[in-house]
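Number of protein chains: 2
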Amino acid sequence: MIPIHTGILILGSEVLSGAVCEKNAPFLLGKFQDLGMPVRTQIVAGDSREEILEALSFLCRTCDLVVMTGGLGPTFDDLTRSCLAEFSGFPLRFRAREFERVKGRYAGRRKFLPALRAEMCFPEGAMVFANDWGMAPGFGVRCSGKWIVALPGVPEEARAIFERKVIPFLKKVFRISALPGLLTVKVLGLTELEILAKLGKDFPPRNPLISCGIYPGGGEVHLRMRIHGENRQGILREVNRWKKFFKTRLKTFLADFSDRPFEELLICRLKGARKTLAACESVTGGWISKRLTDIPGASGAFRGSLVTYTDFAKRSAAGVDRETLLRHGAVSGPVAARMAESARVKFSSDWGLGITGLAGPSSAGSGHPVGTVFIAVAGRRKTEVKKFCFKGVREKVRLRASQEALRMVWEALGHGKNQGVSCG
Amino acid sequence: MIPIHTGILILGSEVLSGAVCEKNAPFLLGKFQDLGMPVRTQIVAGDSREEILEALSFLCRTCDLVVMTGGLGPTFDDLTRSCLAEFSGFPLRFRAREFERVKGRYAGRRKFLPALRAEMCFPEGAMVFANDWGMAPGFGVRCSGKWIVALPGVPEEARAIFERKVIPFLKKVFRISALPGLLTVKVLGLTELEILAKLGKDFPPRNPLISCGIYPGGGEVHLRMRIHGENRQGILREVNRWKKFFKTRLKTFLADFSDRPFEELLICRLKGARKTLAACESVTGGWISKRLTDIPGASGAFRGSLVTYTDFAKRSAAGVDRETLLRHGAVSGPVAARMAESARVKFSSDWGLGITGLAGPSSAGSGHPVGTVFIAVAGRRKTEVKKFCFKGVREKVRLRASQEALRMVWEALGHGKNQGVSCG
Chain A
8 MIPIHTGILI
18 LGSEVLSGAV
28 CEKNAPFLLG
38 KFQDLGMPVR
48 TQIVAGDSRE
58 EILEALSFLC
68 RTCDLVVMTG
78 GLGPTFDDLT
88 RSCLAEFSGF
98 PLRFRAREFE
108 RVKGRYAGRR
118 KFLPALRAEM
128 CFPEGAMVFA
138 NDWGMAPGFG
148 VRCSGKWIVA
158 LPGVPEEARA
168 IFERKVIPFL
178 KKVFRISALP
188 GLLTVKVLGL
198 TELEILAKLG
208 KDFPPRNPLI
218 SCGIYPGGGE
228 VHLRMRIHGE
238 NRQGILREVN
248 RWKKFFKTRL
258 KTFLADFSDR
268 PFEELLICRL
278 KGARKTLAAC
288 ESVTGGWISK
298 RLTDIPGASG
308 AFRGSLVTYT
318 DFAKRSAAGV
328 DRETLLRHGA
338 VSGPVAARMA
348 ESARVKFSSD
358 WGLGITGLAG
368 PSSAGSGHPV
378 GTVFIAVAGR
388 RKTEVKKFCF
398 KGVREKVRLR
408 ASQEALRMVW
418 EALGHGKNQG
428 VSCG
Chain B
8 MIPIHTGILI
18 LGSEVLSGAV
28 CEKNAPFLLG
38 KFQDLGMPVR
48 TQIVAGDSRE
58 EILEALSFLC
68 RTCDLVVMTG
78 GLGPTFDDLT
88 RSCLAEFSGF
98 PLRFRAREFE
108 RVKGRYAGRR
118 KFLPALRAEM
128 CFPEGAMVFA
138 NDWGMAPGFG
148 VRCSGKWIVA
158 LPGVPEEARA
168 IFERKVIPFL
178 KKVFRISALP
188 GLLTVKVLGL
198 TELEILAKLG
208 KDFPPRNPLI
218 SCGIYPGGGE
228 VHLRMRIHGE
238 NRQGILREVN
248 RWKKFFKTRL
258 KTFLADFSDR
268 PFEELLICRL
278 KGARKTLAAC
288 ESVTGGWISK
298 RLTDIPGASG
308 AFRGSLVTYT
318 DFAKRSAAGV
328 DRETLLRHGA
338 VSGPVAARMA
348 ESARVKFSSD
358 WGLGITGLAG
368 PSSAGSGHPV
378 GTVFIAVAGR
388 RKTEVKKFCF
398 KGVREKVRLR
408 ASQEALRMVW
418 EALGHGKNQG
428 VSCG
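Chains A and B are the protein sequences, given in the same order.
Under our numbering, think of the first position of the first sequence as 8, with each following residue one higher.
Under our numbering, think of the first position of the second sequence as 8, with each following residue one higher.
Since the hints were derived computationally from the structure, they do not count as laboratory data.
All the given hints hold, so there is nothing to weed out.
One copy or two, either will do: identical chains are not told apart, so a pair holds if it fits within one copy or between any two.
Here are the simulated DSS-like pairs of lysine-lysine, each with C-alpha atoms no more than 25 Å apart in a straight line:
1. Lys398 to Lys30
2. Lys393 to Lys403
3. Lys193 to Lys398
4. Lys398 to Lys118
5. Lys403 to Lys30
Small disclaimer: the values here were computed from a predicted structure and weren't measured.
All chains, please: the whole structure from these sequences, using the hints.
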């Protein structure tokens, strides 16, 4: 397959002013990667005719396809339609059929009709991508051998139109017979270098049809493989071969072949084992509970948590005794252990987590450096305590602490066979 | 002042592959807005000589200044130095003085020295911006009347160098005598339209030296004003005049003249009033506690929280009686009130928060639609309960619920005079 170069053009002065966080580019970048159509250049340009035309000619010089978002509304600063008419040389034409198709949706709201009418004008011969999720449709224009696709700026509409209408269109015009196979490998408990050591010489593969990336972050490592091929069967066979490879080499460190968040895997795993979890958090201040309850249906495995952010709360709510606190200090293994045990008892859960530490910025005379965290997992038979020294700012320390705590539960559950998580 | 057009060039194939979230562009966009140097175009280009040179010539055609990030490391795909040498026509020269200045930092780590040496080569005549936070320094080259500034890709390093070294440099070379005055107005409890109604005809001002933006999000609205002028005194006078205007018109809805997160304002306010808070969370699952403990020193005002994610936990940990649960259901005003009172008692705090609701996706036969949330604030004398119906997906419902809960505490504390929060 000849690589198809893609360009992305994001319109919007409000993006350039730094006032809003742009969401269409990250989405499109990922999608084109999955389609095997690497993005060569991405431009953000202001809402002016001159800047839009400049950016379009720059992108069309080097790319086979340009996808742009924004500027499809009905107001004076929505210039995409007229700019594309000028750029392609095809004048704007009102499409009565498209108008009739959606007019009914605005029955009783007559004041919308002039705007709707303006949004149903497209360069002559354009391919229209109906917008079932909002007002302005997207469209594609062919222009000196290149395709330019325009999408609305509203992220939900841009995504829906791209996935349902544009992808099938691109597969047809660019004759993409088989989409590349995607393999995501989520690894827990190993660093990037340790993973590479375990995978050995066979990884990364020297096969030019396979591209790989390794992305560490937040205590997890993701490996991503894109496998190209002539047909679906061949690609699937190759994907399965690699799955087997990763299972054999990474053993219990392989968490999942998916992008599902770790919290979801853990909740599934707990449910599968019919076990429940509760926590008592100090340094993470509720973040662990928040992460677990991000997952719908978490209550089937996560019972609740005590956030004991002061010594007083550790005593009164978690029942840590005064002597332990005085002798060892709030940031200590024995206090973490009591917290874990107390969570387990208070919520009658199978497992209890206890986390205490110092996230900084100041270490407040505790005798420990900022980043010191004690994590305990209490089970029916024993309580395991680990000490960590995390580096970085407050937020990073808290995030790493929550991640390691969840990972300790994962390990406690795993009994050395955390492969093949089957759930949902 | 003649507007100075700025271009931003972000290098990195990993950004284009959609694998990492780009952080330098949003930072630079905001900074240039504050400097009164609007960004005209932003480009993301891959790590190839051809693409970098193409993007540079495109940007230099239309901009007076180009700031680029990334590609300053010592490996084969770090091409910024050599591309800028080629583009400007100034050959790379090793700068012994810069090398000697930082060599000491790598004493005992000899293997770093060749990389360090490579990173101390700059186009002849370049202005070097020392990197006190990492390895590769930034630099600026003047090239046919335009300035090109290169910064490392690591966000922390790029930010620090830009703020401490590049801004003073730009102020000098572009003769920026007075930076525009910035006024951020944080408003709580009013919608965008309600704010505009209260501000009346005087807002937005018709003065061409003042630019304004209004940005709603997450239950808060931010107004941002940029006030240009000839000198510092005049700008300051104007800023103060507008502060007075907003105070008079927005009264108790004006939360702060700053970008400080709401959680921080609330903690400050609680500390100022020598009051403490505790919570009992169900639907928000710990998010409120997490948000409050994001703020260093939160323990001075926030005592802790109970996360009672199951009915069992509501009974056993929060002491909600079986009868109330059975008669009203877990998602109800009386249960929220009991939770708030229980938090207040358990943690001996002045105020207690109770939150129960349905975040979805399924409503699980509770008789309420997804998005129903009851929030209670318990004080010494009374407990106030409010019912909300939030729209949107699970995450949005949970975020809005946590925001409204914190805002209820804010209101309970405010007694109609929440102006002039003075703290830190």
